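Chains as they are written, first to last, in this note's numbering: chain A, 2 to 356; chain B, 2 to 356; chain C, 2 to 356.
Please keep in mind that the hints were generated in silico from the structure rather than gathered at the bench. Fair warning: this is a prediction, and the values are worked out from it, not measured in the lab. It is possible that some hints are incorrect.
Which copy is meant is left open, because identical chains are indistinguishable; a pair holds if it fits in one copy or across any two.
[To be verified] With a straight-line cut-off of 20 Å between C-alpha atoms, the simulated SDA-like cross-links for lysine to any residue are:
| no. | residue 1 | residue 2 |
| --- | --- | --- |
| 1 | Lys178 | Lys283 |
| 2 | Lys178 | Gly45 |
| 3 | Lys6 | Lys16 |
| 4 | Lys133 | Leu97 |
| 5 | Lys288 | Gly91 |
| 6 | Lys213 | Gly159 |
| 7 | Lys213 | Gly160 |
| 8 | Lys323 | Asp18 |
| 9 | Lys6 | Thr17 |
| 10 | Lys8 | Pro174 |
| 11 | Lys283 | Tyr319 |
| 12 | Lys75 | Lys133 |
| 13 | Lys178 | Gly272 |
| 14 | Lys6 | Ser21 |
| 15 | Lys115 | Ser307 |
| 16 | Lys323 | Trp66 |
| 17 | Lys323 | Asp19 |
| 18 | Lys6 | Asp19 |
| 19 | Lys178 | Val350 |
| 20 | Lys288 | Gly64 |
| 21 | Lys133 | Asp79 |
| 22 | Lys323 | Gly91 |
| 23 | Lys288 | Thr17 |
| 24 | Lys8 | Asn291 |
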Amino acid sequence: ESEVKAKAGGGAKFKTDDVSIKVGGRLMYDIDWFDDEAFTGNTGSGSDSELRRARIYVSGEFGNWEAKVQGDFKDDGDTALSDAYIQYNGWDDLELVLGKHKEPFGLEEQTSSKDITAIERTMITNALAPGKNYGASLGSFSDEFTWMVGLYDHGDEGGNIATGVTGRMTFAPVVTKNQVLHFGAGFRQSRLAGNEYGDADQRLEIHTADEKVGSSSIVGESITAYNFEVAYAAGPFHAQAEFFDAEVDGGFNADTDISGYYAQFGYVLTGESRPYSKGKFKRVSPKGENGAWEMFGRFSQYEPGSDEADAVTLGLNYYASKAVRVGVNYVMGDMTEGGVNKDGNAIAVRFQYVF
Amino acid sequence: ESEVKAKAGGGAKFKTDDVSIKVGGRLMYDIDWFDDEAFTGNTGSGSDSELRRARIYVSGEFGNWEAKVQGDFKDDGDTALSDAYIQYNGWDDLELVLGKHKEPFGLEEQTSSKDITAIERTMITNALAPGKNYGASLGSFSDEFTWMVGLYDHGDEGGNIATGVTGRMTFAPVVTKNQVLHFGAGFRQSRLAGNEYGDADQRLEIHTADEKVGSSSIVGESITAYNFEVAYAAGPFHAQAEFFDAEVDGGFNADTDISGYYAQFGYVLTGESRPYSKGKFKRVSPKGENGAWEMFGRFSQYEPGSDEADAVTLGLNYYASKAVRVGVNYVMGDMTEGGVNKDGNAIAVRFQYVF
Amino acid sequence: ESEVKAKAGGGAKFKTDDVSIKVGGRLMYDIDWFDDEAFTGNTGSGSDSELRRARIYVSGEFGNWEAKVQGDFKDDGDTALSDAYIQYNGWDDLELVLGKHKEPFGLEEQTSSKDITAIERTMITNALAPGKNYGASLGSFSDEFTWMVGLYDHGDEGGNIATGVTGRMTFAPVVTKNQVLHFGAGFRQSRLAGNEYGDADQRLEIHTADEKVGSSSIVGESITAYNFEVAYAAGPFHAQAEFFDAEVDGGFNADTDISGYYAQFGYVLTGESRPYSKGKFKRVSPKGENGAWEMFGRFSQYEPGSDEADAVTLGLNYYASKAVRVGVNYVMGDMTEGGVNKDGNAIAVRFQYVF
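Could you put the whole structure together from the sequences, leaning on the hints where they help?
Shown next, in the form of structure tokens:
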């Protein structure tokens, strides 16, 4: 009655009776080269290498309860808590999650960083998706229909919790082994309590770049955002797009609009499909011994206030196994900030290992 | 000859011949609401959510030697080393512990944070128990009688180690499955070397509260403290009390007295007993499939110098399993600081998962 | 087809088919006492206790790919990433390593901190070996011949990567169970980009000492270093020596020379040999139930610029098992800094546990 399993990309799991404990992690190492004003802020070129994510987790499952603690070791000596939550699965189809976990907003954001097609998520997703925070979520997940909604701690407002409400629902009218059609919508509202909305400042999808768009400070009382998702996959082909619109309520000052969208198309040259499950995609898993190859393109547009940026990414992924991925992205970026236009190009290489 | 075991609340253990390695951790997530001066420092209300503890450990045992490294991931990016010690068990009943480990002082302090009845330990325990530090301890633990004494590194004093000596002994004249009677006493002396004794400042047993009692700075050459413990448990009932007295030697300045006590009573509504072993208590382990329910009350008194504080806590614990606990505490606090009286009430909720 | 193994000093490994995941770590706790100017900077004495290393790692192997994430928990709340690399073994005898790993330079540096004979490495090794950095290495390792060369990220130079090139090759004309003769050579060149070369400042091989030699700042455009290694082991006897010479190119300013060497002799009193494999040594593994005893002596010389330091270390190691080591080192240090001579003595004790 004692079972042990090491699974590539799925951690080491040991199970006795109704208790199981898992240990795993992920490692992403990037090398980036870029030039010109959209990336360096000047006319020169730049380069950097970076450990993008180095995580170790322990998770457990006991009866209807599970929990996960995941540390994300940063290069500068800090350790972010990537996940630290307790989940209760005892109410039929409902899941209750408490602690630090990912807020439900956006298809690209819900897709794990291990599983996204490009090396980085888009500007608009990074600007508007709240990411991982402390709070409580309630949700339900089936093959065709998912929803989750939650209340989160977004900092301090005069000694009290500055709350955020976030929710997402998805519907997949077609979900077969060969074909997926997905629709989704999300909503969030967070108190800013007179603080700057710092997530509005975004790099052009190269994480080590020096330059950001949206440098004018956006301050407000609260932020309200909506998004719509559509995705389609058929055999080796997959496509997805998301549209976002947000308003920062300036209180006595003017409101500021933040909007954007992206569209992405991919094709797996070796014939595998991109897996889909319960409202999000997973990464390609190679069938043959020689791994899988995938090519993709993405157009991304982002407008924080009166600034504007867009990025075109062309990329190639090699999936050596469930555990290993090597990705190369070529990014052509363009931004207009305070009326000044800046552009530039970049190449990013990622080496990814999932324990 | 290779054995693996995942135990709820006891980590995942793998054993080959005479070597064993264990991986586990704990996660505690709290939400607190409080109002008035004893908690917020002003007449308003406050609230906060907090990851109180998120720990991952690896421990090993090889012959007579064991060791443990436990990291405590903090919210602000820091990682405290909760434990980092090597233990030698090769001398009959003696244990030698080297490295960072818990100093032997106080029943409530020796009881693991996973196992204490209330969400937080009392003010007087937090003020006087030295907690986990680097050093060397020698001890012996049997069912009826335990003692431990050690020498610790309490910082720097003119380029040398500022030493601390700490010791505790306990005696349990009654230890049956159904009944426990426990007595204990502790002693500590630490060099302060002219520094402030910061542990004297304590919150009223709500960890995210803004206000602390004991804000007048207590500076001295050394601190000497004593404590006495008494505990009794019979079937589902359990009670414990501790009395503390300490003196900060002011050197050329006046000495300062720090004293306090607490008394706690609990009753497990579902009939389980609170387990006791080798000088400390463990948490309730539910017998039935529906978990165990426990109610308790605690009165806590604390006097740092000329200030004074007390807190009454009423609480309810639900133990879903060995791994999961949910606790709700209602705290009524009161403090007199510099002659000014402040009071207030608070509610704290804890979600706890032990891997 | 699922296999689990806990190995003292070798972690807990679980394997299913062609996937394996390992969890392990190390813990080193030191207590140091020292006196006089070479260690304290004044004529007094000093002491300190320190958690020298507390590491937890997760590593994985899947087909030709492996990866390791190792966190090093520091006392001050920081966590250094000790290792974070992906390795590809699919090209015959070649290994490709990407991410944070140890640069190939110096026999003492390549030997793991778990396996070195003294408590600390020598001043000249710590001053010139680049240690663990981000980059890419290619190497080949056989019993008799090894080489590795790599390109590394040594910080920022005007927005671009300040690169380093490092390489090492070793040759062992004799490698039998009883006898080893080893030769090696290393080379490194790193961009300093006008920054100070901070590694030139070294303590006299006592890690908690206050005083360092080489306090005059050495600034330059780049550093170039060479080293030569020789080692011989026969039965319980082992010896090794290394010679280093480096030049910091001052650009428009004067160049600075950094040089040094050490020689070390050890003897295992209980008869075991010091293991050697693929260009580096491992620690002694006791054969009998009562552990192994080893004594050693080391002379170490270091000359950064016009300063000079030497240290004589006499030591005794007790290996209780593959997992446990206790070491005592007596260090006699001497330095001349800016024409002023300082000397002193120190005792260091280490307790080491390898999971």
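If the cutoff is 20 Å on CA atoms, where do Lys6 and Thr17 land: within, between, both or neither? Let me know, please.
both (12 Å within a copy, 6 Å between copies)
Since the copies are identical, ignore which copy is meant and state whether Lys178 and Gly272 lie within 20 Å (CA to CA) inside a copy, between copies, both or neither.
Close inside one copy (13 Å), not across copies (52 Å); limit 20 Å.
Between copies, within a copy, both or neither: which fits Lys178 and Lys283 at Cα up to 20 Å?
within (14 Å within a copy, 50 Å between copies)
Lys288 and Gly91: within-copy, between-copy, both or neither at 20 Å Cα
between (36 Å within a copy, 19 Å between copies)
State whether the alpha carbon distance between Lys283 and Tyr319 is at most 20 Å within one copy, between copies, both, or neither.
within (15 Å within a copy, 37 Å between copies)
For Lys6 vs Ser21, is the C-alpha pair at or below 20 Å within one copy, between two copies, both, or neither?
both (11 Å within a copy, 9 Å between copies)
Give the relationship of Lys288 and Thr17 under a CA distance limit of 20 Å: within one copy only, between copies only, both, or neither.
between (31 Å within a copy, 18 Å between copies)
With identical chains treated as interchangeable, where does the CA-CA distance between Lys133 and Asp79 reach 20 Å or less: within a copy, between copies, both, or neither?
Cα proximity of Lys133 and Asp79: in one copy and across copies (17 Å, 18 Å).
Which holds for Lys213 with Gly160 at a C-alpha limit of 20 Å: within a copy, between copies, both or neither?
between (32 Å within a copy, 15 Å between copies)
Can you tell me if Lys133 and Leu97 fall within 20 Å by alpha carbon in one copy, between copies, both or neither?
Within one copy only: 16 Å inside a chain, 34 Å across chains, cut-off 20 Å.
Is it within, between, both, or neither for Lys323 and Gly91, if the alpha carbons may be no more than 20 Å apart?
So Lys323 and Gly91 pass the 20 Å test across copies only (16 Å; inside, 31 Å).
One pair to classify: Lys115 and Ser307, alpha carbons no more than 20 Å apart. Within, between, both, or neither?
Neither. Shortest intra-copy (33 Å) and inter-copy (52 Å) distances fail the 20 Å Cα cut-off.
The structure fails hints 2, 10, 15, 19 (numbered hints given earlier, in ascending order).
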